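Undergrad: Fit chain B to the given chain A structure using the hints.
Chains as they are written, first to last, in our numbering: chain A, 1 to 337; chain B, 1 to 306.
Possibly wrong hints are sitting among the right ones.
Stated by the list, open to error - What follows is a set of in silico ranges between Cβ atoms, one per label pair, in the way DEER data are often shown:
1) A:S85 to B:G162: 19 to 27 angstroms
2) B:R19 to A:R332: 33 to 41 angstroms
3) B:A266 to A:G191: 31 to 39 angstroms
4) B:I111 to A:A51: 40 to 48 angstroms
5) A:L12 to B:S267: 40 to 48 angstroms
6) A:L12 to B:P54: 57 to 65 angstroms
7) A:I13 to B:P54: 49 to 57 angstroms
8) B:W71 to A:P61: 46 to 54 angstroms
9) B:V130 to A:A51: 44 to 52 angstroms
10) A:L70 to B:A266: 40 to 48 angstroms
Unchecked claim - Just a few of them, taken from the derived set where beta-carbon distance is under 7 angstroms, the chain B residues facing chain A:
11) F40
12) V144
13) L146
14) I152
15) L155
16) A156
17) I160
18) S164
19) A239
20) I244
21) G245
22) A263
23) A266
24) G277
25) I280
Calculated from the structure, these hints are not laboratory results. Here the structure is a predicted model, which means the values were calculated and not measured. Yeah, the Cβ is synthetic: ideal placement off N, Cα and C, and Gly gets one too.
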Amino acid sequence: MQLRDYIIRRLLILPILIFGVSVIVFTLTRIGGSPIGVYLSHEMNAEEVAALEERFHLNEPLYTQYWYWLKAALSGDFGYSGVASAPVAEVFWPKFAATMELSIFSAAVAVTLGLWLGVFAGTRRNKWQDHVTRVVAVSGASLPLFWFGIILLIVFWANLGWFPVGRSNAEIWASIAHPTGFYIVDSILAGSWQGLVDALWHLTLPAITLGFGAVAIITRMMRSALVEELQQDYVDAARAKGLPERLVLNRHAKRNALVPTVTVIGLTIAFLMQGAIAAEIIYRWPGLGRWMASAVVRGDQATIMTYVLFTSVLFLFANLIVDIIYAKLDPRVRLGD
Amino acid sequence: MAVTDLPTPPKRETAFGVRMRRWRDLLKTLLSNPTTFIGFLIIFLLLAMAIFAPFLAPPNVPDPYQMPRDWGATRMPPGTPGFPLGTTNQGGDVLYGVIWGSRTSLQLSVIVVSVTVVIGIAIGSIAGLVGGWIDETLMRIVDVFLSIPELIFALAVAAILGPSFTNIILSLCIVFWVKYARIMRAQIILIRQADYVQAARVIGDTKLSIFFKDMLPNASTPIAVQATLDMGNIVLVGATLSFIGLAESGIAEWGVLVSEGQAGIASGRWWASTFPGLMIFLWALAFNLVGDGLRDALDPRTEDKR
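Here chain A stands alone, though its shape is the one from the complex (with noise of 0.2 angstroms):
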């Protein structure tokens, strides 16, 4: 199969699959109730909550329902969210700011360390460096991330006061302008030297909480894959030839080990999503993450629903983008089924 064809193939899943999502968590939601409370208040006689039964359609088969919400949802409305008081598709773009700001910088943070730490294990298999890294690895799997985030907590904050808890300091954010919603950007673009310095301190913490599990993932990939490809015909032709061992691992060896790990982005992704909920419980941030929070204990089917379903999308293009890069880097993987 061409790599086009393979594309297009893909591309006209995807919908079918979101259509799947939305009808299992759509049927899940209902399953648990009505989700007339949101717009109920104590004055209301039985008439009155008839009437709002009527108007939402919320006394129809739940085939009915669904095609009522996929319309809603298809023209961009998502219901109303009770946690934030507000219309979900208007409250959604600054959580998503933010949850997208704390994620993107996690990334970056886990990849650069994720992958150095990988080339660091691979090239020193089996010696005492490759066990240490092994120990830490399996550790960043096995850390409860809500954990890790209290003990950072306990240490930098409530005892040596070195880092802060939430995104901003108010007064500073409140000083400049926020037209895209990520604190970074906004400061950069205000020229606010302040700003730019308020939003990295509150970010690092939650950050590195969010972005050790990552690393454990990442460097874990890269090792096997550097350790299998060093034991490659062609790195030993390499070295036959007299290249120095930097250049056997520059040019040849690491550049192909990065083909495998291309494929954990999509697992990281995911990684990032789940654990972007506890990290902004803990760290008061106010993103999508302590908003899903929030919603599930309450019981907000409207927030739950729409998040689900935003996560997964994100969730199923970073997975179609790794398969298309990964088909396109390493040609030997056979396309289709």
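TA: Below, chain B without anything else, positioned relative to chain A:
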């Protein structure tokens, strides 16, 4: 000239015997790896703690899975006589929570892993053996399930079922069978072609007997690796759900304890979160170490090529 004079044929091993010998060899390989050995040791200690919990910490009446409350001894630091790990804001003994939390976690992981393994094996086998449109339908459902990140899916399901520890168990059962179904289906399709299955078919074994005697045991290896990793992973995810607030407050569960200890850290009470969280870490770490060792021992690809 008697028939008994014939040399006795070499003793033949039964399939069961061979399997047992392989398991023994595997265990020997595993225990010779230091990190795997440490994993086994931690698991052994944690299991001992869960089993002997009533002797280590006298059960709270009426419900031992509820944290005891001693309003005369709130916010005690570790080292206080009677409370070696300190007490919570409500006067709960942190040591009690650490010990009885191991029982809660053991229940959680054993229930979820056995339920999901059984569902996964059943669905994967049906898909792999029957094939056709049934296989196609089941695998598309699996695809949809895999499109939602696990923790987020479990979180949404648990939220809809309503906050309680039982519902956390239920939601994890709903979410985590998918991987097993995938693994099982791939194994069945592979094994179906194997010579020993063809041979069993030729000598006229029933389909059921072939499935249980030949296919299931030979498909079990990757399932066992995944199940070991999940024993740790489930506790990690379950604790995250209860940390977020989906379990009842006041139960002796590590995630709940970490969450409830959070309030005190600003005033320097670090112990109420630290110790229960450490237990989650140890639990997940132990099963990850053993699962990794198991995978390395069973996967011929990770062996040295030179």
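Undergrad: Confirm or reject each hint.
TA: Evaluation of the provided hints:
Judged by the Cβ atoms, the range 19 to 27 angstroms given for S85 of chain A and G162 of chain B holds: they are separated by roughly 22 angstroms. Between R19 of chain B and R332 of chain A the Cβ separation comes to about 36 angstroms, which falls inside the hinted range of 33 to 41 angstroms. Take A266 of chain B and G191 of chain A: their Cβ atoms lie about 35 angstroms apart, and the range 31 to 39 angstroms holds. Checked against the hint of 40 to 48 angstroms, the pair I111 of chain B and A51 of chain A passes, with Cβ atoms roughly 45 angstroms apart.
For the hinted restraint 40 to 48 angstroms between L12 of chain A and S267 of chain B, the CB-CB distance of approximately 57 angstroms leaves it violated. In this structure, L12 of chain A and P54 of chain B meet the distance hint of 57 to 65 angstroms, their C-beta atoms being roughly 59 angstroms apart. For the hinted restraint 49 to 57 angstroms between I13 of chain A and P54 of chain B, the CB-CB distance of approximately 54 angstroms keeps it satisfied. In this structure, W71 of chain B and P61 of chain A meet the distance hint of 46 to 54 angstroms, their C-beta atoms being roughly 53 angstroms apart.
As the Cβ distance of V130 of chain B to A51 of chain A is approximately 50 angstroms, the hint placing it in 44 to 52 angstroms holds. Look at L70 of chain A against A266 of chain B: about 45 angstroms separates their beta carbons, and that is inside 40 to 48 angstroms. The closest approach between the C-beta of F40 of chain B and any C-beta of chain A is roughly 14 angstroms, which is over the 7 angstroms cut-off, so the hint fails. Using the Cβ-Cβ criterion of 7 angstroms, the hint placing V144 of chain B at the interface with chain A is satisfied: the shortest such distance is roughly 4 angstroms.
The criterion of a C-beta within 7 angstroms of any C-beta in chain A is not met by L146 of chain B, whose closest approach is roughly 9 angstroms, and the hint is violated. Proximity of I152 of chain B to chain A holds as hinted, the smallest CB-CB distance being about 5 angstroms (cut-off 7 angstroms). Against a cut-off of 7 angstroms between C-beta atoms, the interface hint on L155 of chain B holds, since the closest Cβ of chain A lies about 6 angstroms away. At its closest, the beta carbon of A156 of chain B sits 5 angstroms from a beta carbon of chain A; the interface hint therefore holds under the 7 angstroms criterion.
For I160 of chain B, the interface hint holds, the least distance from its beta-carbon to any beta-carbon of chain A being 3 angstroms, beneath 7 angstroms. With a cut of 7 angstroms, the hint placing S164 of chain B at the interface with chain A is violated, because the nearest CB-to-CB distance is about 12 angstroms. Taking 7 angstroms as the C-beta cut-off, the interface hint given for A239 of chain B holds, the closest approach to chain A being about 6 angstroms. Interface restraint check for I244 of chain B: the shortest CB-CB distance to chain A comes to about 5 angstroms, inside 7 angstroms, so the restraint holds.
Annotation: G245 of chain B was flagged as interfacial toward chain A, and the flag holds, the nearest CB pair being 4 angstroms apart, inside 7 angstroms. A least Cβ separation of about 11 angstroms between A263 of chain B and chain A goes past the 7 angstroms threshold, and the interface hint is therefore violated. Satisfaction of the interface hint for A266 of chain B is found here, the shortest Cβ-Cβ separation to chain A being roughly 6 angstroms, below the 7 angstroms cut-off. Taken as an interface hint, G277 of chain B checks out: its beta carbon lies about 3 angstroms from the nearest beta carbon of chain A, inside 7 angstroms.
A least Cβ separation of about 5 angstroms between I280 of chain B and chain A falls short of the 7 angstroms threshold, and the interface hint therefore holds.
Checked against the numbered hints given earlier, this structure breaks hints 5, 11, 13, 18 and 22; the rest are met.
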